[in-house]
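Colleague: These are the residues of each chain, in order.
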Amino acid sequence: MATAQTRTLSRVMMAPAVIVLLIWMIVPLVMTLWFSFQNYSLINPMMTGFAGWGNYLYVIGDPSFTQSLINTLILVGGVLIITIVGGTLLALLLDQPIWGQGILRIIVISPFFVMPPVAALIWKNGFMHPGYGMLGHLWKAFGLQPVDWFNQYPLFSVIVIVAWQWLPFATLILLTALQSLSEEQREAAEMDGANAINRFYYIIMPHMARSITIVILIQTIFLLGIFAEIRVTTGGGPGYASTNIAFLVFRTGILSNDIGAGSAGGVVAVIIANIVAIFLMRAVGKNLDA
Amino acid sequence: MARTVPASTRIGFTALAWLIALLLFSPILWVLLTAFKTEAEAIAASPTFLPQNFTLENFAAVQDRSDYFKHATNSIIVSVGSTLLGLVIGIPAAWAMAFAPTKRTKDVLMWMLSTKMMPAVGVLIPIYLIFRDLRLLDTVHGLTLIMTLINLPIIIWMLYTYFKEIPVDILEAARMDGAELWNEIVHVLVPMAVPGIASTLLLNVILAWNEAFWTITLTSGRAGTLTAFISSFSSPQGLFLAKLSAASLLAIAPILLMGWFSQKQLVRGLTFGAVK
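From first to last, the protein sequence lines are chains A and B.
For the first sequence, my numbering assigns the number 283 to the initial residue and increments by one for each residue that follows.
For the second sequence, my numbering assigns the number 750 to the initial residue and increments by one for each residue that follows.
The reader is advised that the hints may include incorrect statements.
Listing some non-contacts, in silico: residues in chain A with all C-beta distances to chain B over 10 Å [claimed, not checked]:
no.	residue
1	Trp306
2	Thr348
3	Ile356
4	Asp430
5	Gln434
6	Thr458
7	Asp474
According to the in silico footprint, chain B covers these stretches of chain A (three or more CB under 8 Å from chain B) [as the list claims (entries may be wrong)]:
no.	region
8	334 to 340
9	441 to 450
10	479 to 492
Hints were generated in silico from the structure; no laboratory data involved.
Idealized CB from N, CA, C, for every residue including glycine.
Using the sequences plus the hints, can you model the full thing?
Modeller: Now the structure itself:
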């Protein structure tokens, strides 16, 4: 093949995608960075000029920032732990010889397709509402006082909703990985007298490591930006009890119209995501080379 | 597959699996059942499982309240439009990377995926201001543009993995037989790529349909999609459980059906073929 020609053709074919993504990445990021050093409020037009590190000091010094950061980590970490552990157990169960496996797969994956605001509203009103929710009825049936989940355990409630949405995804991916494990390998181990725990530890776990990495990567990408679930349930409250970084930036920049401080928060969010990204991309890059 | 286990073990596993699956499914079941109940029944102190007075009035009420069909139309335009636009940009790029890779192809792919790691809040404010100045706020085409950009990396990755699996030998054989480049593309490559392109299309429509961050922040009434429409139910206008369920059911049903049919491809697509 005429390699020079192919190379040119391939450059031309890639150009639109590369250019569009470059613009998408650079323009808003540079603007966010620029705004973050400006005094810029949509409410108070008198506030102008260079702010230096003012916005950053304001954002980072604000107790709500520290809390949002901690909440973000708890939210991502909590959902990851629940979905990975739960997903592994559920995948192991669904991989057993059971009746109706095909239908079960479909039922189990369903929550993944429910749009986040709907998921949040179902849980808020149908399940966790102290008066009308199913959990409230259940508590009453046992003679207990219904729990006002979103006021008493706001962050935990959000974690439950998000975990419900992502558990199916983790389960499906891990189940697919499990099913690709060759039967002979398992049987050979069984013949050699490996018990269930040993088989899980020495055969299944190493086989699943790669899929678990992928699940962590994909979920983390989405979990860092959890927004709708918080918006329609707690609104970030009470106080800042369930505010994550994404919601904090939205609240500061868009609701309070403080562009400067909101942008500073955005820059911090980007930095956090990048730290996470570096680790994840390394892991995935290694895994995908195979 | 053909593992022999005692029937009792099998029954035990089956029962446990169904119990857990139904528990996970119960919120969706709740929506399905509540949507056909009257408001009074939905908030009754002693809940009923099946609707006692089966009614369709909730669906009519949802339409009256804030025009479901307009929001559904917006959702369809934005999710289908952004996916098609993404495919137009993504297919050539993925094609080039799969069939004419250079030393840097892997880096380019990694970089593209990394743009997906950029948190939306990091760019929300500039996009909001740019959209305001260009009068793109609360417009369907503005939203379609954003949705294309956020899903483009996934589209390219998915297509790349699918294209990668097309054996190069077949291309070479076609060339040996004297096929022109154009014929090669139309008669050999396209037919083999169609399933991959179809899965990519399907999954990205699902992702775009459910996207909530940008629809909530960039639209208000006019260009609102179903995610924005549903979010408006969170405001404290009383607890209309039955109507909320009807609206929710209408919003999730199309994608739930699509998802069920495409769940096999979903694994391959969403993990970029890394899990098979």
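Colleague: Report the numbers of all earlier hints that the structure fails to satisfy, in ascending order.
Modeller: Hints 1, 6, 8 and 10 are the ones this structure does not satisfy, whereas the remaining hints hold.
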